[in-house]
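**Student:** Given next are the chains, with one letter for each unit.
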Amino acid sequence: MNWQWFHRLGSPRWFYQTTERWLPWLYLAALTILSVGLTWGLAFAPEDAKQGNSFRIIYIHVPASFLALAGYYIMASAGAIGLIWKMKLSYMVMKAAAPIGAALTFVALVTGAIWGKPTWGAYWVWDARITSMLILLFLYLGVIALQYAYQSVDAASKAGAILALVGTVNIPIIYKSVDWWYTLHQPATIKLTSAPSMHPDMFQPLLVMILGFYIFYALALIVGTRSEILRRERKTGWVRELAAAEVRS
Amino acid sequence: MTMYFNSVADLLAMDGHGVYVWSAVAITLIVMAWVLVAPLISRRQLLRDVARDIQRESQRQSAGSTSKTKNEEKP
Amino acid sequence: MTRQFNSGFSAWLKRDLVLAYRRRGDAAGPLLFFVMVSTLIPLGLTPESARLADVAAGMIWVMALLATLLSMDALFADDHRDGSLEQLLISPQLLPMPILGKMTAHWFITGLPLTLASPLLGLMLSLPAAGFVPMLCSLAVGTACLSLIGGVGAALTVSLRKGGLLLSLLVMPLYMPVIIFGSATVGYALDGLNWLPPLAALGAMLAASVALCPLAAAGALRITSVN
Chain A
1 MNWQWFHRLG
11 SPRWFYQTTE
21 RWLPWLYLAA
31 LTILSVGLTW
41 GLAFAPEDAK
51 QGNSFRIIYI
61 HVPASFLALA
71 GYYIMASAGA
81 IGLIWKMKLS
91 YMVMKAAAPI
101 GAALTFVALV
111 TGAIWGKPTW
121 GAYWVWDARI
131 TSMLILLFLY
141 LGVIALQYAY
151 QSVDAASKAG
161 AILALVGTVN
171 IPIIYKSVDW
181 WYTLHQPATI
191 KLTSAPSMHP
201 DMFQPLLVMI
211 LGFYIFYALA
221 LIVGTRSEIL
231 RRERKTGWVR
241 ELAAAEVRS
Chain L
1001 MTMYFNSVAD
1011 LLAMDGHGVY
1021 VWSAVAITLI
1031 VMAWVLVAPL
1041 ISRRQLLRDV
1051 ARDIQRESQR
1061 QSAGSTSKTK
1071 NEEKP
Chain Y
2001 MTRQFNSGFS
2011 AWLKRDLVLA
2021 YRRRGDAAGP
2031 LLFFVMVSTL
2041 IPLGLTPESA
2051 RLADVAAGMI
2061 WVMALLATLL
2071 SMDALFADDH
2081 RDGSLEQLLI
2091 SPQLLPMPIL
2101 GKMTAHWFIT
2111 GLPLTLASPL
2121 LGLMLSLPAA
2131 GFVPMLCSLA
2141 VGTACLSLIG
2151 GVGAALTVSL
2161 RKGGLLLSLL
2171 VMPLYMPVII
2181 FGSATVGYAL
2191 DGLNWLPPLA
2201 ALGAMLAASV
2211 ALCPLAAAGA
2221 LRITSVN
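Residue numbers (my numbering), protein chains in the order written: chain A, 1 to 249; chain L, 1001 to 1075; chain Y, 2001 to 2227.
This is chain A alone, in the form it adopts within the complex (with noise of 0.2 Å):
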């Protein structure tokens, strides 16, 4: 089978050059799609029975903590490809992914914890999907720490692989224990959401802005990775010609 594309991507300078020409359509995407879900959900949908107008953060909750985690896995399997294949563009790639999921992870946590107070009467209730999202926040955070702890962007990457990996192992037991814990302690727990009951009305723009927030995703996981590219490759003709050119224009 022809690999050549494969090894071909592990080619920053490729991949800025090629990425170039998809930014202006990812930004229009994302645009787009998430205006179109933002507006029917906040202004189209009908309101909850119980809750009121207040589920409407659903709309930015639900996708927000999707991408949350599942950023973590791409980050770690960037990692992984980085380990197994010495491949420099997906160190950088991990790299560039930890903030972004972080910064998720954060709009989840303040979007539930805000969506909390009228819902629950208080901001942060201690039920098992904030728990396991403020865990899974320490986890962005120590990758992050990790990488700039080191001098060398060799061992940052390497580090910051494995702890991502070890994290991963780590997610599934972590939420698994904590929605244990929680049953402990209140049996009758609301959900958040009840996706599969939810009227399609409602559930549409959900599924609009999960679809937003994905080409979000990548959309910043893209400008993030050439940004680190080029600060790993400053020292390369390449960059130091897009330099020159950019400073000239």
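Calculated from the structure, these hints are not laboratory results.
Don't take every hint at face value.
What the hints assert, rightly or not - Reference listing, derived: stretches of chain L covered by chain A, where coverage requires no fewer than 3 residues with Cβ under 8 Å from a Cβ of chain A: (1) 1007-1015; (2) 1022-1033; (3) 1056-1063.
Stated by the list, open to error - Computed cross-link-like contacts, DMTMM-like style, restricted to lysine to aspartate or glutamate with a CA-CA straight-line distance of at most 25 Å: (4) K88/A <-> D1010/L; (5) K50/A <-> D1010/L; (6) K117/A <-> D1015/L; (7) K86/A <-> D2191/Y; (8) K50/A <-> D1015/L; (9) K2162/Y <-> D154/A; (10) K235/A <-> D1049/L; (11) K117/A <-> D1053/L; (12) K235/A <-> D1053/L; (13) K235/A <-> E246/A; (14) K235/A <-> E1057/L; (15) K50/A <-> D127/A; (16) K176/A <-> D2191/Y.
Heads up, the beta-carbon is just placed ideally off N, CA and C, and yes, glycines get one too.
We have chain A already, so just place chains L and Y on it with the hints.
**Tutor:** Relative to the frame of chain A, chains L and Y by itself:
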């Protein structure tokens, strides 16, 4: 499809829940914008630094000093 | 080929135990911390027996976790400083086995004394009688997990200057399932339920940790100790 709310004022108020919903939306949009903008700012800064290094090196070379360029190791 | 099968496990276990014994004062640090911090709880909370009894189980577990966390740094730090870690890396043994020996030694030095001291703390914090045996069992198994998991963090941060603090931050999320099931073991017992299931979950975590953590730590050491 018609809008669920009767007016823009209603949309903002959302029967008293507007504060929560709109602050959540605002925070989310700010964070998302920051995630996209921060790498762009650092990119521009980096390119400027690189250009400045190139300039310094060419100045040093034209001044007739050693042909070795100073190797700065940034962490 | 079958003549020599010295995996290095017992050699390094013994080595670390002997070294710790020579520096008994240092090794006693976590235990002292554990006992002293238990005084902070009534000072910070309340001296009332009933209220202490409510929180005793969880607080003892939290303090055991913190005490273990404090001592995790020392797993590889001294060896890194005096060069024996490099010797370990170039030795012919499979790296995970000596590492498992060190982690086991760490448990004997830190986890086991904490476990044995826990009845004393239970007494001081008004832990109900039903909780003592479950506390011993859960701490015995749980601190072993903590030594193993913490060892991975120690391996990742061994060559860093402020490694200790970063180590704590990295390892904390990984410790959370252990404390959940550990304190739940005692909690179940205090509620009059069968406390073996959560203990079994802890046991499963221990089994998985014994299998995986030395491997992860070995991988991490190969990367990080060259810097």
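**Student:** For every hint, state whether the structure bears it out.
**Tutor:** Each hint, compared with the structure:
no.: 1; hint: 1007-1015; in the structure: holds (count 3)
no.: 2; hint: 1022-1033; in the structure: holds (count 7)
no.: 3; hint: 1056-1063; in the structure: violated (count 0)
no.: 4; hint: K88/A <-> D1010/L; in the structure: violated (52 Å)
no.: 5; hint: K50/A <-> D1010/L; in the structure: holds (19 Å)
no.: 6; hint: K117/A <-> D1015/L; in the structure: holds (15 Å)
no.: 7; hint: K86/A <-> D2191/Y; in the structure: violated (53 Å)
no.: 8; hint: K50/A <-> D1015/L; in the structure: holds (13 Å)
no.: 9; hint: K2162/Y <-> D154/A; in the structure: holds (19 Å)
no.: 10; hint: K235/A <-> D1049/L; in the structure: holds (11 Å)
no.: 11; hint: K117/A <-> D1053/L; in the structure: violated (53 Å)
no.: 12; hint: K235/A <-> D1053/L; in the structure: holds (10 Å)
no.: 13; hint: K235/A <-> E246/A; in the structure: holds (16 Å)
no.: 14; hint: K235/A <-> E1057/L; in the structure: holds (13 Å)
no.: 15; hint: K50/A <-> D127/A; in the structure: holds (19 Å)
no.: 16; hint: K176/A <-> D2191/Y; in the structure: holds (22 Å)
Hints 3, 4, 7 and 11 from the list above are not met by this structure, while the remaining hints are.
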